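Chemist: Here are the chains, one letter per residue:
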Amino acid sequence: MNVISLFYTAFAYVAIAIFLVGFLSRIIKYAKTPSPLNITLTPGPTTRAGAVYRVVQEVGVFKSLFYSNRIIWLGGYIMHLGLALVLIKHLRFFFTPAPASLAWITTFEAYAGFIFFVPLIFLFLLRLITDRTFYISLLTDYIILVLLMLIAATGILTKYYVRTDIIGVKEYIMGIVSFSPTAMPMDIIFITHFTLVMLLLIYFPFSKLMHAGGIFFSPTRTQVDEPREVRHVNPWAVKG
Amino acid sequence: MADITKEQLITSAPKKKEREPVPKLTGKIKTPKIVTGAASHYKCHVAKPEVQEKLGFPGELVDNWQEAAIRRMGELLEKYKSLQVYMDICVRCGACTDKCQFFLGTKDPKNMPVARAELFRKVYRRYFTREGKIFGKVAGAVDFDLELLAEWYTYFHQCSQCRRCSLYCPYGIDTAEISMAAREIMDSIGLGQKYVNEIIGKVYEIGNNLGMSGPALQNAIEFVEEEIEEDTGIPVKLPMDVEDAEVLLVTPSADFFASPHIESLVGYAKVFHQAGISWTLSSTASEAGNFGMFIGNYNAMQKIASRIKDAIYELRPKRLIVGECGHAWRVAYQFWNTLIGPFDTLNPKYPRPQHICEFTNDLIDKGALEIDKSANDEFVVTFHDSCNVARATRMGDKPGGQFDIPRELIKKVVNKYVDMPAETIREKTFCCGSGGGLLTDEIVDLRAKGAMPRMQALHSVMETHGVNFMALICAICKAQFTKIMPMYGVPMETAGGIHQLVGRALVLGAKE
Ligand code: SF4
Ligand code: SF4
Ligand code: SF4
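Just so you know, the protein sequences line up as chains L and C, in that order. One point on numbering: in the working numbering, the residue at position 71 of the first sequence is 71, and numbering is uninterrupted. Count along the second sequence from 1, then add 1000; that gives the number in the working numbering.
Hints were generated in silico from the structure; no laboratory data involved. Warning: the hint list may mix true and false statements.
To be verified - For the chain L half of the interface with chain C, some residues (derived, Cβ under 10 Å), not all of them: (1) N2; (2) K32; (3) G76; (4) I215.
This one's a predicted model, so the numbers in the text were calculated from it and none came from an experiment. Backbone N, C-alpha and C define an ideal beta-carbon position, used for all residues, glycine too.
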């Protein structure tokens, strides 16, 4: 293995470790922090199953955002859809042979990257266009969008314009996953793509990207509207 | 903004003689272009040392305030999941930016919920996140200095904790939780708000927000009894401190004194009288309101609520009913069971606690009351969903009962009812503009602007349907609208309680 491969492989392991430890420790923190009171946003579900369904709707179709702002919903929803397709597509790099259940993805094969990329531009412009969103946008909000755009762009390039050695990439990734790393394909586009993804993983747990996990811990949405029927006990209340 | 000193921070804004012009009533609610700093001059008076100390807070801004504030922030982050999660997960999508009545009314961008929350978040980032500690300003992390503290004080007292932003946020981020935490932190370093903290002090000392002692209460009640008898010829009693009554009614103390609140008290009394249900008020639990919630202080909230627990213990009622009050109903519905429950001594056949609208509506359904709707024929009525009732409570068994039951009840006692435009009612309702401890004179111009969306919606049905009465179930809403309506050229008699309408339509002596 050459020096570059060695360096990248080490980098990848570090990035993945930071992501996993960081993400999990945030989630554990959210799970462990107590909710002193029932603060369900009403009208809300009166059963636990109802509350689960409420969160599922938020995650699945961005329900509140839909009623709140159709334009942001459109950009945000399609972007996440594209991201989901891209992620599913990438699963093939992790399994040999690729599972049959993923065969359907080939229908979207050609567009997935674009379904992800185009809304990112839209969301970026949206921040600039209205005075309110421009006012609230932080530098990091733009940085994350740019990072995602670059990842999408390099991903698209590897596929359509540069024809990266897919077999080589798969071998490399399988090597990392099975803890027996091999040399990485010396393809500048792939290396850029890979580096950006690792940077994203490192930044993830420290950023607003944690909304991906935090949405499951938002008390206004996850709690059940039953305070009269079921006594909510505050774990830290002083007796009295 | 120039550097500010500690003295400037605690000095009240100079008193203005002129009122600012209110927005013109057109019936339309427009999202304005932002005007930076447009609301920066609305500042609540700071609480005096003796007020602060009564509540167990430092008298004035402590010298090491920054360190103390950060320490308190750390404690709250450990204690409140809402706060911890909401600090991390806002993506600044912008969906909430046009949802707050204080932004719509003032145009000040810091009144956009996300921008309000960012005042807190940038301190959080600076002291509690790796990102902020390492990258500082670049990552949106800012030192907590006096200037920022001044902004906190200004803008966290321009939030009525109405939760409208939470409804529209894809993650349910509730800026009310954040403004409560901010106020709790400010109190803990000696920077409290005069109006709210004085009232909490009165509850501690005397037992209610108005600071009415037992004899004063007794007088007020006798006055109401005389009024009813003069009006109807029937001796309707308002019992006080009666043991073993069926119902203990806890209502905002404004009902004993303020207008139009007192008309609703008359309504409750007539309902109990006519239904033949024994009931009592309590001179110790003479306040349903709980301003402890506004300052995010759990202990204050519990201490205030404990008076009700004591009254239940002493008077042994079978049922607990709460009068017309928005935030009080939130505390009662969502928090009482946690704070002072379980209510084991109360009859489990009825909700514990129950809202007065649930109670009266049930009675009418059962045919226990005779109603003459024509007594309200001079009114075309609409209903303002109080934000706390709408987004933090329920009535009845079904989600949304908090919208349906008051409307059903109104329609049972009046002939002419219309709703305001759909995008301004039910869960989408706008706050009256004075909740969350903002009902204080020094910021009346802010309150008028915060009321703009509701006033526009009201105006539209006044024009189209001739509405001349907006029914309310909140003591603060009543006080706010009677003050603000004349500023908009709407007669203040347009605001009144649901039980004011009930009281008028109820035929006394019809059934015995
Ligand atoms: S809607 Fe929620 S996530 Fe979006 S900017 Fe507002 S608070 Fe943040
Ligand atoms: S809770 Fe209400 S007043 Fe406060 S920021 Fe949200 S919408 Fe505005
Ligand atoms: S006063 Fe009424 S509308 Fe305003 S905050 Fe209270 S409940 Fe909400």
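Chemist: Run every hint past the structure and note whether it holds.
Modeler: So, going through the hints one by one against the coordinates:
With its C-beta approaching chain C no nearer than about 32 Å, L/N2 sits outside the 10 Å limit, and its interface hint is violated. Interface hint status for L/K32: upheld, as the beta-carbon distance to the closest one in chain C is roughly 9 Å, under 10 Å. Because the beta carbon of L/G76 sits about 7 Å from the nearest beta carbon in chain C, less than 10 Å, this interface hint is met. Hint on L/I215 holds. Least Cβ distance to chain C is approximately 5 Å, under the 10 Å limit.
The structure fails hint 1 only (numbered hints given earlier).
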